[in-house]
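Participant: Chains as they are written, first to last, in my numbering: chain A, 122 to 455; chain B, 122 to 455; chain C, 122 to 455.
Calculated directly from the structure, the hints in this document are not laboratory data.
One should not assume that every hint holds.
Pairs involving identical chains hold if they fit within one copy or between any two copies, as the list cannot separate such chains.
[Unchecked claim] As a list, the in silico DSSO-like pairs of lysine-lysine whose alpha-carbon atoms are at most 27 angstroms apart: (1) K348 x K390; (2) K297 x K362; (3) K158 x K362; (4) K390 x K229; (5) K405 x K258; (6) K452 x K184; (7) K297 x K184; (8) K405 x K452.
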Amino acid sequence: MSSTTERNEKKPLAILTEDPVSWKGQSLVSVAQITPKGFELLVTISQQMRDIVRSEGGDDRLKHKVLATIFYEASTRTSCSFQAAMSRLGGTFIHVDGQGNSSAAKKKESLEDTIKCLECYVDAIVLRHPETGSVPKVVLSTTKPVLNAGDGIGEHPTQALLDSFTIWDELKDDPKIVVFLGDLKHGRTVHSLAKLLSQLRPQSKLILRFCSPQILSIPDSILEYCKNNGVQYEIFEDATKACQDAQILYVTRIQKERFETEEAYESVKGCYVVDNALMDKVPKNMIVLHPLPRVDEIATEVDADPRAAYFRQMENGMYVRMAILALVLGKSSP
Amino acid sequence: MSSTTERNEKKPLAILTEDPVSWKGQSLVSVAQITPKGFELLVTISQQMRDIVRSEGGDDRLKHKVLATIFYEASTRTSCSFQAAMSRLGGTFIHVDGQGNSSAAKKKESLEDTIKCLECYVDAIVLRHPETGSVPKVVLSTTKPVLNAGDGIGEHPTQALLDSFTIWDELKDDPKIVVFLGDLKHGRTVHSLAKLLSQLRPQSKLILRFCSPQILSIPDSILEYCKNNGVQYEIFEDATKACQDAQILYVTRIQKERFETEEAYESVKGCYVVDNALMDKVPKNMIVLHPLPRVDEIATEVDADPRAAYFRQMENGMYVRMAILALVLGKSSP
Amino acid sequence: MSSTTERNEKKPLAILTEDPVSWKGQSLVSVAQITPKGFELLVTISQQMRDIVRSEGGDDRLKHKVLATIFYEASTRTSCSFQAAMSRLGGTFIHVDGQGNSSAAKKKESLEDTIKCLECYVDAIVLRHPETGSVPKVVLSTTKPVLNAGDGIGEHPTQALLDSFTIWDELKDDPKIVVFLGDLKHGRTVHSLAKLLSQLRPQSKLILRFCSPQILSIPDSILEYCKNNGVQYEIFEDATKACQDAQILYVTRIQKERFETEEAYESVKGCYVVDNALMDKVPKNMIVLHPLPRVDEIATEVDADPRAAYFRQMENGMYVRMAILALVLGKSSP
């Protein structure tokens, strides 16, 4: 958390541990706040949430609590899963669309003032903003928990946490080989997940494999982060080879607009379509994840494969967010 | 349901009968799913809903249930009545505006994927989409009930059902003569209601009268549908004559933009304004319906006439949607 | 209420008194409806609401009640505080964005019809509309309570009420000297608050001071209103002098676009920045209010001053709106 030194001097971000009290009233800005034992707590409560939703639909532990979801950038999946999570725990939400027509957008109020007003009305705030660093900055002047739902190319901690939850939940064990496939240069979710895995299992036998065309390869800073945490990494260009003995394949979209020429794009896109042909060549129990939305990097024919876990991953997003809301609002038990 | 043959081979749409179990967990895509006895069940439960709302405001039978309302086209009335319906039964909703700024709109995700993600979070989905056939197509790949809130010029079953409910509720008896007035060529609600009435009372003494300028006359396919169901129809151009002995007058808007010339529009618009002068000439107990919004085809002076039932019809929309939500979520009793 | 003569002939606006029954089922269109004793009732219930929120988060007195918030003009603060207020009392809300993409906006339905439809679904309506006089006009044809959330340069009664509530709540006594600072020509909140204070304490020792550059001075009609109510007023241009012996400083934004020349703007903006330097020169217990959003007329350094009450004022907005909703929905007691 070197970049947060200045912030820490003013108002340190809480370290979130296996003690639920350490979460209560705290903001979640970065996965760096989560200890390995804290993650285990989150996994346990998320699984409890799934049981509750499947048996009863929800409970009333957040009754009379109000959440604000404020999105300065659209993200249907993230906003809807937080809103459903809050609803299923008996709470309510108000939504602010910070784009376009909102008065927040029009009246040039500072982000700090907008959030300080909203926290007069609600018990917690989910904030997404396109500007990197905006969410940690806002947290300096708030008194209610703020949950970072993505700040530009900064952090999106609940996404990394739901990805990690899904890995442990699917494997029922520590992962040994995790493959990241696609545009590893620009994909924020890849960076966050690689860092979080390194942080959760430092000095372990975990191997992270990064498979991409050279021009979209993983930044050195991420490799450095792995190394510093004692986690091995390997670089691949061939998807089939990368998947050998792997338990997890994490696919991201290759965005055509990132390429300088049409030819460059055409030269690589073919090898990175996960279809039944590829699935035939990879381990029989290798789980496929994707943060979604996908365009065509996973063929819809794969959806019926039991190894395709990306819709289960979506669903887990709600359970993990229910757990986080329950924890920061001091209601980890019903 | 000839157009659904392909769908039916894969995943037949449920036939919705007088047995509440036949509704549970099912999608409502087309009025063709509803049997005459199924409609009677819906009428009974909708009336119960009205009693509950008027005495208590609502109940808690859908507690911990979450509805998604996703609208790729604006429809304030339809979305609000579904949202209020869900709220009054103790459930909650999340809303996705599929237009403009939404990420669904921006990221080019397929409609199927968007809906498959949303159903990870919620118990049922209300979907409106401008593309005809989009909703039945989506239903093929979903596991949660999807309620069609309009797919282009396709179907809008809850509108036809609330229109029919209002007819029976106002008359306390089967209608004998129903008049459709206005633009019968383009009006989706007219087509759906005419088909539903034919289907609910086939081989009956029901007479459907279609009154419009020739250039806006009812399509032959609808007349064919009536004929095949053994329902009589009559064609009119004069509103007063059409209303003779009628119990129901269903008015729709004549949209100026449908006419090729200003003169063509001017030539007909006059005869189709329902005002007090017209109301003086029609049966003393003839009920006036309109799907709303109106522009000027019903003068506001008519609102005070006890025969003007279009705002009661609006209100019924909520009760019918409450009944549908309760049925598909398996809670037809509190 | 001279401008409401025509309305009163048709459907008089209720006078809202110390008897909760006088509020039940009534619309709140104008502060002119509120008697001094009615305001005392509102203060008492608002304070109760604060206690409830701080101890329990809310209660269930509005369970199964549904509120519609319909905004033809964005106002994040007003809509969010009403929505949170409704939620905290156990009710729910549906929101209609009357701008841009809404069908209300597209289909040219009259405002009266839109509201008449919405009231079929809900128990009360919060309405904001840019056109002055639109809300009182709509109230003529509705049967459910309509709460005016701002009609152009007309009224915004809940703002004036929360401002007044904050004054009494902060002072625990009647104010003796209230200073209005900034653009007093265009500021609707200043006009409403000045009128409300005059109405609440007519023939009293209350002094209202209006401090602005000459080109942005308070309209004569407001001064007339004070005079007719036996309330003294004084005109200032110097902020420090205006604040002498004052208990309340109500700051509003000076909008650059109101000035004819850049020079005119530059000539005055300096004197009206409330910063620590100014705060050093004013009374030690003078409370600073602002309707927010601010741009730079109050320096953020002032936020930490205990006299800066504008965020408490925001928070009070929710309590006052909870009290109003409870009163008009007949649930002033839990």
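Participant: If a hint holds in the structure, say so; if it doesn't, say that too.
Facilitator: Hint check:
1. For the homomeric pair K348 and K390, neither the shortest alpha-carbon distance inside one copy (29 angstroms) nor that between copies (56 angstroms) is at most 27 angstroms.
2. Taking the shortest Cα distances, K297 and K362 sit within 27 angstroms of each other inside one copy (16 angstroms), while across copies they are farther apart (73 angstroms).
3. For the identical chains of this complex, K158 and K362 are neighbours neither inside a copy (33 angstroms) nor across copies (61 angstroms), given an alpha-carbon limit of 27 angstroms.
4. Taking CA atoms no more than 27 angstroms apart as the test, K390 paired with K229 passes between copies only; the shortest distance there is 18 angstroms, against 42 angstroms inside one copy.
5. Taking the shortest alpha-carbon separations for K405 and K258, neither the intra-copy value of 45 angstroms nor the inter-copy value of 32 angstroms comes in at or below 27 angstroms.
6. For a Cα distance limit of 27 angstroms, the shortest separation of K452 from K184 qualifies both inside one copy, at 10 angstroms, and across copies, at 19 angstroms.
7. With identical chains, the CA atoms of K297 and K184 are never at most 27 angstroms apart, being 41 angstroms at best within one copy and 42 angstroms at best between copies.
8. Taking CA atoms no more than 27 angstroms apart as the test, K405 paired with K452 passes in neither setting, with 40 angstroms inside one copy and 42 angstroms between copies.
Checked against the numbered hints given earlier, this structure breaks hints 1, 3, 5, 7 and 8; the rest are met.
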